[in-house]
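Protein chains: 2
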Amino acid sequence: MEQLVTKAIQDEYPDDFAWCYGCGRLNESGHHFRTGWQGDQTVTLFTPEPEHTAIPGFVYGGVMASLIDCHGTGSAALALHRKNGHEVGDGSEPPRFVTASLHVDFLKPTPQGIELKAVGKITEIHPKKWQVDTEVYAGDTLCARGQVVAVVMPSTFKA
Amino acid sequence: MEQLVTKAIQDEYPDDFAWCYGCGRLNESGHHFRTGWQGDQTVTLFTPEPEHTAIPGFVYGGVMASLIDCHGTGSAALALHRKNGHEVGDGSEPPRFVTASLHVDFLKPTPQGIELKAVGKITEIHPKKWQVDTEVYAGDTLCARGQVVAVVMPSTFKA
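Protein sequences, first through last, are from chains A and B.
Position one of the first sequence corresponds to residue 1 (our numbering), numbered consecutively onward.
Position one of the second sequence corresponds to residue 1001 (our numbering), numbered consecutively onward.
No lab work stands behind these hints: they were computed from the structure.
Glycine included, every Cβ here is placed at the ideal spot set by N, Cα and C.
Incorrect hints may appear among the rest.
[Unchecked claim] Stretches of chain A that chain B covers, calculated by requiring three or more beta carbons in the stretch to come under 8 Å of a beta carbon on chain B:
1. 11-21
2. 59-65
3. 101-107
Extracted from the complex, chain A is given alone in its bound form (with noise of 0.2 Å):
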């Protein structure tokens, strides 16, 4: 079943913030992640490129701890805007996040050629800091979890 992310989150960041490597749709050499709602989860869909490989035929953990890092982040932000009274499109700008930790544990190895599935369950611990817990699938096999803190971006971040 084909699946799309319509409205993501990190379309509509503003522009200084559009450069992330992972996540930024002004980074041209980047990875484009698009997170969205999907119910009450969010989700992230990617097809790693053939150079993103650990050993040939299965995907880079790099890659993948990437995939839950911006996942984790951009569900961290569609949290806090729905909080906020905000849907993506609304034309509101929403949080941006950054990240304090990140986990992953690798349980399977990933198939390359195939489009992964991140889906995130979030959790606030505090106003400026969410959890987002993530399963990343590559058809129906699940093939990591990773779990993210997400804090709102601190002023030390601005350039």
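Since the structure of chain A is already known, use the hints to place chain B on it.
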């Protein structure tokens, strides 16, 4: 002080295992992380590319996670190779590890344009399972702490 990793474990991986996007010498698009001994610690040096950005001026977390990941598997391979009586460059084929789990705590925004230094301490958990605790520095600033649990590559990875 300029530093170099003169003898890296990744230089010795068999060709079939040298395609990793993070540390494979044969992957033209990859990061080419190289990991060697420095006393009883391990070191990987890496200067991120300009496109490896999170917010302009700061390094993307997924690239930090990738560095910690391959530094971890490379460090475990160095340690088991040494335990087996070998050193990089003695003509023997080193063991190859994969990542079971990866954890990263992002302590400070990592500035771009500076060479990063990952420094690892290695603990044997089991003959086939090693833990690598890593600190990533930009100059004198400790930017991230990571932990990798690496296991000797299982046969399920053989394509």
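key: Hints breached by this structure   = none
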